[in-house]
Structure formats: structure tokens, C-alpha cells
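K.L.:
Protein chains in written order, with our numbering: chain A, 1 to 341; chain B, 1 to 341; chain C, 1 to 341; chain D, 1 to 341.
A couple of the hints might just be wrong.
[What the hints assert, rightly or not] Derived SDA-like pairs: lysine to any residue, alpha-carbon spacing no greater than 25 Å straight-line: (1) D/K301 with A/E28; (2) B/K305 with B/G278; (3) C/K219 with A/E224; (4) B/K301 with B/G278; (5) C/K301 with B/Q27; (6) B/K169 with D/P74; (7) B/K277 with B/D221; (8) C/K169 with C/T152; (9) A/K301 with D/Q27; (10) A/K305 with D/S35; (11) D/K169 with D/P131; (12) C/K301 with B/E28; (13) D/K305 with A/E224; (14) C/K305 with D/A129; (15) D/K305 with D/M1; (16) B/K219 with D/E224; (17) D/K305 with C/D127; (18) C/K219 with C/D189; (19) C/K169 with C/F227; (20) A/K169 with C/P74; (21) B/K277 with B/P184; (22) C/K169 with A/P223; (23) B/K219 with D/P131; (24) A/K169 with A/E46; (25) B/K305 with C/Y31; (26) D/K305 with A/T23; (27) D/K301 with C/A126; (28) A/K169 with A/S154; (29) A/K305 with D/N24; (30) B/K301 with B/S3; (31) D/K305 with C/A126; (32) A/K169 with B/Q27; (33) B/K301 with C/Q27; (34) A/K305 with D/Q27.
Hints were generated in silico from the structure; no laboratory data involved.
Protein chains: 4
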Amino acid sequence: MISFTCDYNEGAHPLILERLVQTNLMQEPGYGDDSFTQSARRRIREATACPRADIFFLGGGTQTNATVIDGLLPHYGAVIAAETGHIAVHESGAVEFCGHKVITLPSHEGKIDAGELRAYLERFYADAAWPHMAHPDMVYLSFPSEYGTLYTRSELSAIRSVCADYQLKLFVDGARLGYGLASPAADLDLPAFAALCDVFYIGGTKVGALCGEAVVFPKGDAPEHFFTIIKQHGALFAKGRLPGLQFDTLFTDGLYLRIAAHAIEQAGRLRAVFERKGIPFYIDSPTNQQFPILTDTQMGKLEGKVAFEIWERLPDGRCVTRFATSWATPPEHIDALAALL
Amino acid sequence: MISFTCDYNEGAHPLILERLVQTNLMQEPGYGDDSFTQSARRRIREATACPRADIFFLGGGTQTNATVIDGLLPHYGAVIAAETGHIAVHESGAVEFCGHKVITLPSHEGKIDAGELRAYLERFYADAAWPHMAHPDMVYLSFPSEYGTLYTRSELSAIRSVCADYQLKLFVDGARLGYGLASPAADLDLPAFAALCDVFYIGGTKVGALCGEAVVFPKGDAPEHFFTIIKQHGALFAKGRLPGLQFDTLFTDGLYLRIAAHAIEQAGRLRAVFERKGIPFYIDSPTNQQFPILTDTQMGKLEGKVAFEIWERLPDGRCVTRFATSWATPPEHIDALAALL
Amino acid sequence: MISFTCDYNEGAHPLILERLVQTNLMQEPGYGDDSFTQSARRRIREATACPRADIFFLGGGTQTNATVIDGLLPHYGAVIAAETGHIAVHESGAVEFCGHKVITLPSHEGKIDAGELRAYLERFYADAAWPHMAHPDMVYLSFPSEYGTLYTRSELSAIRSVCADYQLKLFVDGARLGYGLASPAADLDLPAFAALCDVFYIGGTKVGALCGEAVVFPKGDAPEHFFTIIKQHGALFAKGRLPGLQFDTLFTDGLYLRIAAHAIEQAGRLRAVFERKGIPFYIDSPTNQQFPILTDTQMGKLEGKVAFEIWERLPDGRCVTRFATSWATPPEHIDALAALL
Amino acid sequence: MISFTCDYNEGAHPLILERLVQTNLMQEPGYGDDSFTQSARRRIREATACPRADIFFLGGGTQTNATVIDGLLPHYGAVIAAETGHIAVHESGAVEFCGHKVITLPSHEGKIDAGELRAYLERFYADAAWPHMAHPDMVYLSFPSEYGTLYTRSELSAIRSVCADYQLKLFVDGARLGYGLASPAADLDLPAFAALCDVFYIGGTKVGALCGEAVVFPKGDAPEHFFTIIKQHGALFAKGRLPGLQFDTLFTDGLYLRIAAHAIEQAGRLRAVFERKGIPFYIDSPTNQQFPILTDTQMGKLEGKVAFEIWERLPDGRCVTRFATSWATPPEHIDALAALL
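Work out the full structure, taking the sequences as your base and the hints as a guide.
P.N.:
Here it is as C-alpha cells:
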């Protein structure tokens, strides 16, 4: 059985495991004071061209989103997201659990629109009752989005500009950041994110690590006592060496982008397989998630041999599906899929 | 200056003040153990035909909504409301502050639709990822709605039936309950609410009281330690006599419905004033809130003499406005308005 | 039956009810924009000698404590209180419900000691593990304390000084502030509190009002969007005129301190009654709460005629009791008590 | 430099890394549906003699404590712990962040006393004001305690009995459970914990894993939707295989207890080193944490060569220190220490 169900079906990039084995019995301090974490910070500061960036390593996406959002918002503050945003849909209400409303804007293939954002804020402040409403203080977006799509530099700059006008923080969820950056469709790189966002995270769990996300405050202005905030949210690694070593490895010799590029390449091949069969796509995704629309007959051919996710059944009976590639996808898996369809 | 801006522009019904004065120096225990509260409970049990109802008196609408919702939901639970529902819009995120997501459904003139509710729940459980989502455990609706509209008995029963099928609690926000019950358009009475809801509250602040809302658990199944929950939410009156005496008065000799009927009568006269001038309404409201659509010329005639709320400016330049009557509206105010328009 | 069980057994000072009746049908805006609230703010600014103070009116003590503490603390912040402090014991965990730890210090007849506070903070920061602990950001104290005792100006200044050294906010819970200020033992007045605290509240519920507490930020530096914070905590009065009018009345012609002085005078007479009988006190309280230690025989004499609170049974079988006077205590009640003992 | 500062200075037991490497590219479902997790559950059910136990794998101690405590408590509920308990001191207020008060009892070398627990609860319910207090619904204790000490079977049974009488859940924090079970002083084993507790966790992070704690509900009565609760707390591993494989390995062929026994053996040797030098201990700990009291001269001998934690400076100038051994402590480290002292 071959699986394209998600991009976290495998363990970690072999270089990471190799270094884990090599360094295993070195004694290192806990809680992020270890030498791996310090080195990882240096490398990420370099890769983002932010020598003063504050960098923290957390364990997973929901945890990171909740900790960062709660850490930056005033407690009456709300965060604006696409109605399809991960925090709005698939985090079991973790942001609300921390006390904050998620205000949703329409999703355009997973993305919010700067114009609609501005219109929302204009309407908000035009309403004399706004002090009775949850106060918008942050914009959350995902790059790539939950539908695999990418903001362009111009789109992100436009959102940044609205944020500046209305004093909103801009936070980018980069759970799959690598797969976005490695896409030929992307015109944004790490220094661009650092320049445009107040905070973003570089996803490890889905891009080569066993677990771990790197939160970057490019200007070095992490909230005071952010360490304590992380601990309070249950998000502090005792063995900080675990995420530290992984990110240190991923940011050595460009490994992170290189393995992400592999996933993008395989996604392109996967896409071509469907296109050759005349199978349409739900959304035109330039990253590692592809959303072919399959008939029951087509799905029948894959049954028991290729696993994928069913996203939604359409009124005409066909299914929107998701096939994800990753740093670990063997080219042979695509070949096998092509042979079956 | 005459004001129709809201239904809480005045103090309390004079009978309430009279009894406050008469009983002022009687010594009574605090926290709801006073004789007024006990009497008020008896009278509300009778009016709702629920001899075993648990009844608590809280201070205001947002507080009551947050306390009841948080008190009944498991902490991972979410509440479903119309996108125009008070908890979704005008409570500064108080429900989210308590840790719960507000899931919104489309608003049909302020109301949710039982069919859409069922469809939402079917879709929810059909999605294999539902354990990753905030879990719906309650339906919240307002009677009358924020747009003055009323659920019919058949509509409420249909919602009740969906709730039963999906194990959701049904909670009715009755901030203006009296104005709904007193409307000739209503086919629901207090015993009907008691029969159909798990919990509802009878609004006092907007219907004759200085402050206070009566929370009713018709089956006598208030959450364990609900007194402690109320206190924890900062919603416990030290002088429980204050809401107790007010509700005791409002539920003596049918005062509550009688004064609500006055507001409805004046709303009807107000409606007729606009209709005679050919002024259209944004929504057909059978209760104490009316939403005439006014031109700038018409608003100019009222300027400085009659206050009202501007709800929304339409693309054609006209304004959706809100005029609210209340138990206190003098008939002369309607006459004065008519003379000006 | 005469009751000394607490200082909220009666309604409101008659002048308040009189004005409620007089102004009842005046139309006033909601949410604190009414003329009474504005006037009350002016009078309290004058009484506290703080022309720029921000002033908000909330409903009750627990609500006020939770809203102010949560509003001022960073979300990782903790508040330090006496182990007998109201927030530490009798608020059903309302502060923790808002996410904040209450750190307790030893109680010295209800008061914390500046030296012990400093020692705690020195120890805290001397411990390298402090980033793993809840971070102390505020000191909470009650004036009078829960045991009726008073901080002296010198004691409060010493605490203020520790707060300044460690960047802690100083918050005074003045649920019974009037009874403290009116005590001959007090060497602090309203301007002194305004000068020494970051925020404090002037209690109304226990000192002549039906409900209501006035929160004062002497320097005019209330947290941004504090109105929204109040609403989010369910603590916003729709009819802001209710607390507004009450505080406006209480701060007209010195009513607040005058009626508090009455309670203190009666407490002195009550104290003398016990002293004449050779009955000892658990604590030497100069305010309206007195804590005589009674034998079963003595309590038997009062049974069914005089109500009071039992605080604690001592190992020798006697009971620490609490007798509270208030603005409403008739002198005859003391006479009646004296006759029974 | 040799370090005894804590028991998480190294990576993972080599067998874990070996299996991580071997299984790295096997495709497995996420979120705990992988085959490793299923196998780990089976093995832990066997080791605890609880065939119906519900078992969940979380990431670290603070996260696990907060999730379990919040998951089991009603939202008004409080948890009782020793004043030295980890949740009371060193978790940055994570339990309070979830809304719950931590009620503290005196610590007896890190342990609470069943008699004092009962006395506290008797006093609580004897106080008529208890509905105004945070409601105790759970007892938390650590085994071994934060001071390395162990509850005996008789002590734990006595606490269990109080819990039964007062309807409190009993939760044991087993961050170092292995080091407790492997101590010759222990008369409790895994089945005993399963029989006596409502829930406990088996610590991995400090006993051989890179990260991970196994939460066990022995009776199979985990709170409904506990998966969603875990996700909401940000505590769900996307790659559930990571903790799953580790616990599967640790519970294969008794590895967990075997490597814990190694730590205990080295702790015994370490203890003997200090005893031979006549160095006293702050507490008589039978587990992997030892608390020798050192003079500045003695500490000087170790400076730059052996790292350890300073716990507290005594009035006489000596320091209480902590030396921790672990599954990874090489016997030579003890020899080296002995040579230096």
C-alpha cells in the first residue's frame, strides 16, 4: 500500500537521524540552551537575513499557532483568518481555548484578499458598536494555504499594508513553508517573509523533521517572557536538543529547501499523471498538495493499493481528493500510481 | 429629545421602584437566599408550568450567555449560533474568552434554519477529520432575534428535534423574551419554551427591570455546582434581593407580559407611522424593534429631536435604522415622531 | 430577628432610591454614557484629587477583581495576595478562571507584610528556574482586609516601594473602602490611595448601594480598550445609569464617608457591648466587622433573635464569630443585642 | 565536563534510535493510528494488567499535566497538590491558564499526607461558604516526588480512600515513574498504580525517550472526546509514531524498568560517594535524584568539572544541591566525581 494521504507519513530525513545517533550521548542542557539549538538559531538568522531575530522551537502546528497567537494578542484581541484557515477549522478550537475569537474572511482558494480585509476593517470601525465586538489585532494566513496555493509578494505586501494601517500583527503559519518556497510559482523567499511579517514559523514536522516548528520574530521583538508563555502553553521541550538538532540539520547546506524541492518535483509528476488521464483538479495548486477530482471508477482502481484523502463529495458524485507528496516520496510511488489509473 | 435608540433608555417599571422603597430596610440574606428571590422562583415556576425548574438570577445578557454556555458545555464544546447572533457579534468575544468556539450558520432575518443546522451536523460527522474540529454541543438562538423576528413553534420544534438527534443542548437567549411573547405574531408561550429548551433566560434588563435576567432550567437539571459557576464568572449578586424583588414584581399579576404588550402596541403604532409615509422596512419585525429605511431628508427632519440607531448605510445612500419601543414608551413619543416625519 | 451577618443585608441608602424614583423615566444612553455616570466620574475625580483619573463602574466585588486583574496582567502574569485575601479564598477561583495564578503570602491579621513581599521577590529572582514559574506582576490587597484590619500609610507606602522596585502593579480591593476610610484608626484617605495605587476600587455594594463598584485608575492609564475588556468579562451594565446614579449620589455632599462613619460608630458601640461582658476578640478590628469569641452559652442567648456569622470553632469549643454593622444599622439593634447578652 | 544537573541531558536509549532508523521510511498514519502506537498500547495494557485501559501519548510533563487535569476537571474544579508539587511551582501557571486553581497542602519531603488531605476536605465542607470557593475535584501527586521520595502502598491507599470518600479523582504524575518503580524502596508496581489511580502517566522524556509521556486511564474511562481535548491543548503529535515507537520499545522486554534500575544503581553509588566523605543529605531520597548539602570548598573542587544544580542556600552558607542520575549515566561519571571530592 502506497500512501499519499499526507506529508507526515514517514519519519525524518535520514541526515537528521544520523546526527541524532551521533550526538545521542553528548550531555547538553535542557530547555533550548543546548548547542544544537544555538547553532540552529544562527543558521535561521542567516537564512532569513535577520541577524537579530528571536527564534523559538515548538513541537507542532496547532501548539505553535495557539502559543504565538495567544502570546501576541492582548487578551481581548481577535485574530482574522480565512474561513478555511487551519486555526478556524482543524485545531479543535485551540485559539478559542486560549480566549480569542477567530474572525473569518472569505477564502479564495484558501487565501484572504487584502481588499476584503481592508473593507472588513473599515466596516468594523465605521460601526459605532465596535467596542462591543471582539477586537481584531492580528491577521493569520498560511503559506502555502490549506489548499496548496501561494500568496504572491504583491498580495502579501498588500495585506502587510492593511495591517500597518490598522495596527494588526501579521502572522504566517508556515507548517509547509518549505513546499511553498520551493515551488517554481513562488516569488517570496525567507528574507521576504522576515521583512513582511511580525512573526512566522518554519514548519519542520511536515518538511523532514520528526516534530518541531521554528518560530521567527524577525525584528527580535518576541513578547516579553515568551519562554514562560511557551512553558505555560505546555509547548516547551525539556530536551530542546531534539528540535534544535533537527533544524540545525535542515538549515545546513540548504537541506530544507532541497528536500522541499524534491516534494515539489514529485508533485509535478503526480499532477502530470492526472492531467494525462484528463482528470481535472479542484484547485490549481503549485505545491505538494494536489486535489484531483476522481470518479468512483477511478477511485476503485486505486482501492487497496494507493491511499489518499477524500476531501469532499461533489453533487455530481465525484470526489475531491487530496494527494500529498513530501520530502520522502519515492519517484516510484508516482510511477505505481500512473500504472494503476 | 425623544429617544428610540434602544429599550434600555429608562430605569425600571414604577412598581419595582415602589417595592424597592417599601422593602429597603428589611434585612434579607445575600446571594439569592432572600425571600424575594424565593418568591420570584415560585412565580416563574408557575408561569412556565415547571414546578421543578431550577432558576437563577444573573445581571445582564452577555454575562448570562457566557455563564450558561460555559456552564453547560464541556470545555472542548462549541456553540452554534446565527452569524448575526448576539454572542457571535456583540459580546466582545465573551464566549471565546471562556474557551468556546462560536460556530455560525447563515442568518435568515436573524434566525437559523433547522434544515441548515441538520445539514451542518451531517457534514460535520461525515468529515473523518471531525475529532480535529471544535465539537458542537449546543445551539444558541435568540427570541426575538437581533432583528426582531420570531421563531414559530414549528421552527423551534424542528430545531429541538435536530438537537435531540445530535445530542446538542438548546439554549434560548430571551433578552427581549417578553416582547416576543407579547407579539400577536407569536405562537409560543413560556411553557412552550420550557418544554422545548434545555435552558433559556427571561430578560429583565430590557423589559422593565433595572438589571437582571432569570435563567430557567425547566427540568431542574442545572449543572452541578452552578452557584459556584455563577460566582466564578463574577455573575453572583451579593444583594440577590435586587434581581429577586424585580422578577417577583414582574411575575406578579402578569406584569411582565402586560408591559411587554404595551411596547408591542407602541411598536405597531410606530410601524404605522412609517407605513403611512410610504417608508419601507429592512425586515418585517413583529416585535418592539422596527427597522425603517430612511433617506437623508427623512433623517434630517428628525435631527436633534428624535434619536434612533443607524444600523447600516445601503449602497443607494439610504440608511437602515432601528427604532425600539419599550415598556416605558409614552404614546406621545409616537405622536411626536409622526408630526415630524 | 436582627441580623449582623453581613453588610449587605439591606437595600440602598434612601437618598439613592429617592433619586432613582425621581429620574426613572428620564431617557439616558446606555453603557455608561449617561449623565449620571459622567457626573459620578467628575465627583470621584474630585474626591480622589485625580483630575485625569479613568473611572469605570462595575457590578460586584468578584467581577471587579477578576476584570481588573485580568485586564492589567499579561496573560502569563500572576497576582500576589494574602493567603486570606478574598481572591485567594472566596471567589470560586474567578482569577484562575481568567488564567492567572494567585500567589499567596502569609496573612498578618489579613494583611501582607512589605518585608515578606520583598523577600519573596528576592527569592523568586534568585532562583534560576524562575522563567518556569508563574510570573508575579501585581500585588492585590484589601482595605479594610477580610479581617477588618487597616494598612497604615507607612505600610502601604512600603508595599508600593517594593512594587516599584519589582515592576508590580498595586491593586487595592476597596469593597469596604468607606468603612476603612471612616475609621478613626485610618491614616489614609482617598487621595492617598490614588497616589499609592495603580488601580483601586471604591466599594458601593457594601457601603450604601444596591450594587456597584467604582474602579479608579488614578493616572488615567486604564488598559487600552478597557471598555471591551469589561464587556468581555460580562461586567458591563446596559443601564449604566444604575451604578452611575448611585455613585453620583454617594459622592454628593460627602454621603459616602458620612454613612460609612455611621457604621463605624455602631461598630464601636457593638464592640463596647462585648467588652463590657468581658468577651474577647479574635482580632482587634477598627472597622465595621467585629470578631468576638463566644461560648455556646453566649450564643444560646442570641439564638433566634440575633443572627451573625460563625467564622471558626476553636479547639476549646468557643467560636470566632463575625458581627458586621453597616450604613443601615439602627442604633437600636445594638441596644437589643446588649440586652440579650 | 560531566553533568548531573538533570535526567534529560542525553538523547534517547540507543534501542529507540536504532528502531527509529530501521522504520524511518515505513509509511504510517498520523495522530496515533500507526502500528507502533497500537503496539505500545497493547504492551502498556499488559504491563499495567489493565486490558481495557485507555492510553494516550503526549509530549512532555507540563503539557500532560495541564491536558489531563483540564480534561478531567469540571471547569469550576480545582486540583489539590503538595505546595512543592510540579504543577504548583514549576509549570508557569499552566493549570491556572486552563482555568483551574491549584490548592496546596503542606509538603512532607515532597509528599502530601492523607490525614491532612482529609482534614482539609472536612474543613472545606464544614465551612458554609464553600460554594464560594474553588471546588476540589482532584488530587495530584508525583511519584517519585519532586524531592525524589516515594509514597508507600499504604500511603497511596490512604489517599485513594480519602478521594473515594470525597469524590476526588486521583492523578499521579509519573514523569520519573520508572525511577520510582525501580527503587528498592518502592512497594508499588505498575498494576498497583492502575488499581489505585483514576489516571496516571508513565514518563518517557526523563526515562529513555527523546520526548513523550504515556497517559493511562486504567478503567478505560477517558473523558469523552479526549482526542479532541488533546488537540485543543496543542498536545497531539502529527507523527504519533514518534512517541508510539518509543514507548513500544521501552515496554518491550522490560527495557523501561531495566534502564531505570541502572539509574537507581548509579544513584546508590553516587550516594555512597557523598556518604564516604561525611557529606549529609537534605532529604533521604531512594531514587535517582540526590540532594547532598555541600560547602563552598566542596563545590569549589567540582567547579568546571562536574555540573549539578543548586537548589537552595542554607542560612549557614552551605548549599542544598541536586545530583541526578539517569538511564544514561556512565558508571565512570560516578568514579570521576569520587576522585574529585
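K.L.:
Now, for every hint given, state plainly whether the structure supports it.
P.N.:
Evaluation of the provided hints:
1. D/K301 with A/E28: Within the cut-off at roughly 22 Å; holds.
2. B/K305 with B/G278: Since the Cα atoms of B/K305 and B/G278 sit roughly 21 Å apart, the hinted pair holds (cutoff 25 Å).
3. C/K219 with A/E224: Roughly 24 Å separates the two Cα atoms, so the pair holds.
4. B/K301 with B/G278: holds (16 Å)
5. C/K301 with B/Q27: With a Cα-Cα distance of about 21 Å, the restraint between C/K301 and B/Q27 holds, given a limit of 25 Å.
6. B/K169 with D/P74: Holds, at roughly 17 Å.
7. B/K277 with B/D221: Status violated; Cα separation ~51 Å.
8. C/K169 with C/T152: The hint holds at about 19 Å.
9. A/K301 with D/Q27: Cα-Cα ~21 Å, so holds.
10. A/K305 with D/S35: holds (18 Å)
11. D/K169 with D/P131: Status holds; Cα separation ~19 Å.
12. C/K301 with B/E28: Judged against 25 Å, a Cα distance of about 22 Å means the pair holds.
13. D/K305 with A/E224: Violated, at about 34 Å.
14. C/K305 with D/A129: holds (22 Å)
15. D/K305 with D/M1: holds (5 Å)
16. B/K219 with D/E224: At roughly 24 Å apart (the allowed maximum being 25 Å), D/E224 and B/K219 satisfy the hint.
17. D/K305 with C/D127: holds (22 Å)
18. C/K219 with C/D189: Holds, because 17 Å separates the two Cα atoms, which is no more than 25 Å.
19. C/K169 with C/F227: Holds. C/K169 to C/F227 sits at ~20 Å (cutoff 25 Å).
20. A/K169 with C/P74: holds (17 Å)
21. B/K277 with B/P184: Judged against 25 Å, a Cα distance of about 24 Å means the pair holds.
22. C/K169 with A/P223: At roughly 19 Å apart (the allowed maximum being 25 Å), A/P223 and C/K169 satisfy the hint.
23. B/K219 with D/P131: Satisfied, since the Cα-Cα distance of roughly 22 Å is no more than 25 Å.
24. A/K169 with A/E46: With Cα atoms ~23 Å apart, A/K169 and A/E46 stay inside 25 Å; holds.
25. B/K305 with C/Y31: Given that 25 Å is the threshold and the Cα spacing comes to 22 Å, the pair holds.
26. D/K305 with A/T23: holds (20 Å)
27. D/K301 with C/A126: holds (23 Å)
28. A/K169 with A/S154: holds (18 Å)
29. A/K305 with D/N24: holds (21 Å)
30. B/K301 with B/S3: Holds - the C-alpha atoms of B/S3 and B/K301 are around 14 Å apart, at most 25 Å.
31. D/K305 with C/A126: Answer holds: D/K305 to C/A126 is near 24 Å, not above 25 Å.
32. A/K169 with B/Q27: violated (54 Å)
33. B/K301 with C/Q27: holds (21 Å)
34. A/K305 with D/Q27: holds (13 Å)
The structure shown violates the earlier hints numbered 7, 13, 32.
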